[in-house]
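Whole structure, please, built from the sequences with the hints as guidance.
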Amino acid sequence: MTLGLRRRALIAALALGGTLLLPLRPAAAAVTLYEAEEAAISQGVVESNHAGFTGTGFVNYDNTTGGHVEWTVTSPQARAVTLILRYANGTAVDRPMDVTVNGVLVADELAFPGTGAWTTWRTSTVTASLTAGTNTIRATATTANGGPNTDSLSIDDGTPPSFDWSRAVADSTMARFTPATLGGWGYTRGLYLYGQYLVYQRTRDPRYLQYMKDWADRFVDDSGNIGQSFNNLDSMESGNVLLILARETGQARYRTAAQKIRNRLTTYPRTADGGWWHSTSDSRQGQLWADGAFMVNPFVIRYGQQFNDAAWGNEQAARQLEIYYSHLLRTSGDASGLLYHAYDEPGGLTASWVRPEHGNTNGLSWCRAIGWFGMAVVDVLELLPADHPRRPALVTMLRRLVPAYARHQDPATGRWFQVVTEPDDPADWTETSCSAMYTFTISRSVERGYVDASYKVNAERGYRGVLARVSLGSDGRTAVTGISEGTNVDDAVGYYFGRARPVNDFHGLGAFLIMNEQMIRAG
1 MTLGLRRRAL IAALALGGTL LLPLRPAAAA VTLYEAEEAA ISQGVVESNH
51 AGFTGTGFVN YDNTTGGHVE WTVTSPQARA VTLILRYANG TAVDRPMDVT
101 VNGVLVADEL AFPGTGAWTT WRTSTVTASL TAGTNTIRAT ATTANGGPNT
151 DSLSIDDGTP PSFDWSRAVA DSTMARFTPA TLGGWGYTRG LYLYGQYLVY
201 QRTRDPRYLQ YMKDWADRFV DDSGNIGQSF NNLDSMESGN VLLILARETG
251 QARYRTAAQK IRNRLTTYPR TADGGWWHST SDSRQGQLWA DGAFMVNPFV
301 IRYGQQFNDA AWGNEQAARQ LEIYYSHLLR TSGDASGLLY HAYDEPGGLT
351 ASWVRPEHGN TNGLSWCRAI GWFGMAVVDV LELLPADHPR RPALVTMLRR
401 LVPAYARHQD PATGRWFQVV TEPDDPADWT ETSCSAMYTF TISRSVERGY
451 VDASYKVNAE RGYRGVLARV SLGSDGRTAV TGISEGTNVD DAVGYYFGRA
501 RPVNDFHGLG AFLIMNEQMI RAG
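Heads up: the sequence shown begins at 1 in this note's numbering, then just goes up one per residue.
Careful, some of the hints might be misleading.
Claimed, not checked - Each pair of labels, with its calculated beta carbon distance range:
| # | residue 1 | residue 2 | range |
| --- | --- | --- | --- |
| 1 | R218 | V106 | 46 to 52 Å |
| 2 | D273 | Q77 | 54 to 60 Å |
| 3 | G186 | G250 | 22 to 28 Å |
| 4 | V46 | D309 | 14 to 20 Å |
| 5 | N63 | N231 | 45 to 51 Å |
Derived from the structure by calculation, the hints contain no laboratory data.
For glycine and all other residues, C-beta sits at the position ideal for the given N, C-alpha and C.
See the structure below:
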């Protein structure tokens, strides 16, 4: 560590002051959710053809006696809990199940009566005792009709929940903005609302989903028309909100609106090797920005798998990441594994920021651009089939990117610098949104086994560093600071250093929620 970096580390550590007393993470919530599709399943299949489920699907029991779903649950100590099974039963006939914990019957033919429709979800509960350590909880169909469609198991330990920063940020944002005043169609609002949806998935607070729907309904009419041309990748990111609403509400108009993005990508301009341009405008022709990897690819793979277009969605999302990576990857020195912000294909108009000696990139590594890319790779891998031929290449990206993140993490704050490779420049500063993105990417990569478990400590440090930028005001609302405003591409570090840092900028709010939900879930 250079003298300049040591001095900055000391100053930053002292500046944290009382914020060092913030917990490493909020304590675990009283209710823990376990998805049925992630459990052991016998005589049943995972499906997603009925709206309203959480996670990626639900279990449809075979119409036979003895089918079961079995969850493995770890308890920190022996304790009494309430088991909450979320289900749908579109028939008028009860579909009872036996519930056992560690082989001991705790509910004999627990009732799962009709819910009126397969898209109407209800819960059935039973009390039970868990032992310290690993427990198995099984729900077994007891009649020839099989069990109900089973979405999840939640375990309520009866303890009051600790302070929830995700709820605080979402509630504060909804208090500041109605759906009508939140802002127009664009990627920052889509990012934030996707983060809010993750909070909804955990808490099941209907206000969060209704707020998303009310915002989207400003742009999508009853027939699914949406007044967007989709001539840049940024405008496509909020398509994720459309996919969520199509699944949660079952209303076809959201699919119709999302399909407009799918159709636009068929004719959308590409580089010679097939990369989608960041924008169709003259000033962006032939350009690939690392930002764009997140703006479009998670939507593409989600759309494909949700609407029977998986062959296209899987291939396109993975291929785009490979193309972008091939142009943006830094391969030498301490910066190896990081990415440049943007690339401009030779020929045609040439951007003012092009540095030919750096492969027609801008020659600089802006932190949020690399964060966008890391999150995109993680999101695509969540859905890309295990046997897809492009999957190993995406895992390799994370195996280079995560160590590069770790090498450049500020030892004093746990965050990352606006220009990642310039920590000794006194004009550089640690930026909150990218730090949340890196923390998310590292944590999920460790959780999924893409990288060694030793990198978990980097996620923990990053989490602590981001939490130090979150506070409650005298009005009871949250403030998230240190967030860079929206940023174009440049080849001068001064441009990035000089970006404004608006409090509660939506880049930071969305990234924070995505990170915080991951850290709560990963434990």
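Evaluation of the provided hints:
| no. | hint | verdict |
| --- | --- | --- |
| 1 | R218 <-> V106: 46 to 52 Å | 48 Å, holds |
| 2 | D273 <-> Q77: 54 to 60 Å | 56 Å, holds |
| 3 | G186 <-> G250: 22 to 28 Å | 26 Å, holds |
| 4 | V46 <-> D309: 14 to 20 Å | 19 Å, holds |
| 5 | N63 <-> N231: 45 to 51 Å | 50 Å, holds |
Against the hints set out earlier in the document, no violation occurs for any number.
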